Amino acid sequence: MMNKHTGEQIKLRGIAVSPGIIIGKVHLVYRSRVNIQYQYLIRDEQLDEEVKRFETALNVTENQVLNLKDRIPDQVKKHAFILDACLMILKDSMFTDSTIQRILNEKINAEWALQKSVEDINQVFDQIDDDYIKSRINDVENVAERVLRNLSGKAQENLAGINERVIIVANDLSPADMTELNIDKVMGFLTNVGGKTSHTAIMAQGFELPAVLGLESVTDQVENGDLLILDGNTGDVIINPDDITLNNYKEKQIQHEEYKSSIVKTSHLPATTLDGQRIIIKANVEFPEEVMSVRDYGGEGVGLFRTELQYIKRKKFPDENELLEDYRAIVEAIAPAPVTIRTLDLGGDKFGSELGNSKERNPALGLRAIRLCLREPEMFKTQLRAILRASVYGSVQIMFPMISGLQEVLDAKKILCQAKEELDREKIRYDHEIKVGIMIEIPSAVTMAEVLAKHVDFFSIGTNDLIQYALAIDRINEHVAYMYQPFHPAILKMIQQVVIAARNGRIDVSLCGEMAGDPFCVPILLSLGLNELSMNARTIPVVKEIIRSVSIEDARIDFENVIGLSTAEEVREYIFDRMKSRFPGLEKKWNYYMLERPDGLILS
Amino acid sequence: MELDKKLKIRNKLGLHARAAAKIVEISNQYESRLFLKKNNREVDGRNILSILTLSCPMDTEIEVRIEGEDSESFMEKLCELFEQKFGESR
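In order, the protein sequences belong to chains X and W.
Start counting the first sequence at 4; every next residue gets the next number (the working numbering).
Start counting the second sequence at 46; every next residue gets the next number (the working numbering).
By construction, these hints were calculated from the structure, which means they are not laboratory data.
Treat the hints with care, since some could be wrong.
[To be verified] 20 Å max Cα-Cα, derived EDC-like pairs, lysine to aspartate or glutamate:
hint	chain 1	residue 1	chain 2	residue 2
1	W	K57	X	D134
2	W	K67	X	D434
3	X	K430	W	E106
4	W	K57	W	E112
5	W	K83	X	E211
6	X	K80	X	E293
7	X	K72	W	E117
8	X	K94	W	E133
9	X	K80	W	E133
10	X	K94	W	E70
11	W	K57	X	D132
12	W	K57	X	E335
13	W	K82	X	D133
14	W	K57	X	E211
15	X	K80	W	E70
16	W	K57	X	E563
17	X	K430	W	E133
Only a predicted model underlies this, so the values are computations on that prediction, with no experimental measurement involved.
Excised from the complex, chain X in its bound form:
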């Protein structure tokens, strides 16, 4: 297909709030602020009339909203309360009475007075800590806009009149706008503002239409009729896509549809092997926005929440409250399922802004993760306090990364203890039973696992780094990356050793590296005795499917055979053949997950 447009391809990234991939044409909705140029004074004898004009506009607005409420589509009926809230704002004294008072006292026109009232309300809301409540100012502004429009006598663009299938692009969409839409004609939504908790997000999910919000200036970057790709899974938006991108996404779209229909039915069910072993499947999360997808894909909690992002994206280190806010959002979204928060794994290749960019000759072996935290105890304690405080909002576990031996565990626990004592003194609540675990990702920790197990509540095996350190391979270095080999018998033996140490020490053990989400590794991991895996949420459904179709006994045969092989090539071939015989037609079925394999094992 040829693209006729002359515009260049533009890529944007927003907040993905409702999943799905669509390709369609833009319909821009102008909901820009009504321009109030008319600020004028009212003569005394006309004040009553001005008040009446305002009251009439309120009545008209009320009727409009009531009308919308009557026609609200069934899919979003349960969100009708949003319109009730609009009606209540119209009757709120901060909104209505104060505007009337202003008209009378300051002798100004209704538009001006209403604007001032909204500014006042804005100030009050601005001081509120709670982000959810703070964002409700949008509702007030939406209602005010309707009233202003009615005062000006200008009609709104009639959204109900849209009659071809389009992607709606707007600065913001009020709930009223959303209910007004002829939803059969809407393919998806893009807006400049808004986030996970906005009404637009809630409604888009209700309609099961893909949406990407918080794009900042998308309304300036598109024109009516532009072709656009909206990926509600990742938050990617591509304006005027070129042919290659377009074909790419058409493929993705098909895969997404196939994937949805194939897994949706079973991904929420627990995963149990043929011989009855229940395996717990959790998700690794980096961006707070990903949390929504954890449940969709059937994750039973977050097995690894990476906390680096909040440090990297800011110029200064985040303070306790900023951290708490982010942790709380995730913990609440996942509750009652548990979230394992890994403390800062900065240093090495990803350095925080405040620490500057000190060049180390060998960053992977340098001052990073727990080593860095123990050298910056105040920064570390701030994070620990935030994690502890977040623990009251659900179920939280703490995990220390890059542990090489017992001393680091003891030192880190000491600082944790100080953080707890501080909170006790300040009478701030936290979960006193909070579990503390460590990442096993350095070979020395594998060797010392029996000892470490006596001092922590759980192990999580981080295979990405473990493979790197055990095989002395920098996976970023293209000359040796081919040797990065999850199936290396040494790695399998190490994992086995850690699992046995955990079992002997009666503590939990899970595995959270890329291996956990790799269909080819899963049977072997099960044979090693692991019964908890944490992975990229996207891969959960297929991993569950594999678990359901193997038995531990059968997988153990794989393990015995693999451990007897001597080269990576042989292992690779063996595993591939076994999987092919277990899952006929797997190339086609799993292709979606096989695109970027670390060990280059491409199916074809």
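Fit chain W to the known structure of chain X by using the hints.
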């Protein structure tokens, strides 16, 4: 007649828009006036925005005061609403 009582927010989301809307809804059904107070700030039970600005997360205790003829049945209804977590499951 005036009635005072301390009530606790039990729903997970706290006193957010939907919950606040429910308070306003029943406030409008009674003659009596409802006032909600937290940290010495008192707001009118008929004003949704003022209620929101009290900013009450789960477990917040707020003081409620109802003034008027039908305050008793109003209070009963209000307690029920808080007790049932504003009709929310968590």
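Review point. Straight-line Cα separation of W/K67 and X/D434 no greater than 20 Å?
Key: Roughly 32 Å separates the two Cα atoms, so the pair is violated.
Review point. Are W/K57 and X/D134 close enough, with their CA atoms no more than 20 Å apart?
Key: Given that 20 Å is the threshold and the Cα spacing comes to 15 Å, the pair holds.
Practice item. Take the C-alpha atoms of W/K57 and X/E335, compute the straight-line distance between them, and say whether it is at most 20 Å. Key: Distance ~9 Å between W/K57 and X/E335 Cα, so the pair holds.
Point to revise | Satisfaction of hint between X/E563 and W/K57, Cα-Cα up to 20 Å | key: 50 Å, violated
Review point. Holds or violated: are the alpha carbons of X/K72 and W/E117 at most 20 Å from each other?
Key: 32 Å, violated
Practice item. Verify the proposed pairing of X/K80 with W/E133, using a straight-line Cα cut of 20 Å. Key: Between X/K80 and W/E133 the Cα gap is close to 16 Å, so the pair holds against 20 Å.
Check your understanding: Do the alpha carbons of X/K94 and W/E70 lie within 20 Å of each other, as the hint requires?
Key -> It holds: about 12 Å lies between the C-alpha atoms, which stays within 20 Å.
**Study point:** Holds or violated: W/K83 to X/E211, with C-alpha atoms at most 20 Å apart
**Key:** Status violated; Cα separation ~39 Å.
Review point. CA of X/K430 to CA of W/E106, is that 20 Å or under?
Key: Distance ~17 Å between X/K430 and W/E106 Cα, so the pair holds.
Review point. Taking only the CA atoms, is the gap from X/K430 to W/E133 under or equal to 20 Å?
Key: 29 Å, violated
Review point. Does X/E211 lie within 20 Å of W/K57 when you go C-alpha to C-alpha?
Key: 25 Å, violated
Point to revise | Hinted pair X/K94 and W/E133, Cα distance within 20 Å | key: 25 Å, violated
Hint compliance for this structure: hints 2, 4, 5, 6, 7, 8, 14, 16, 17 are broken, all remaining hints hold.
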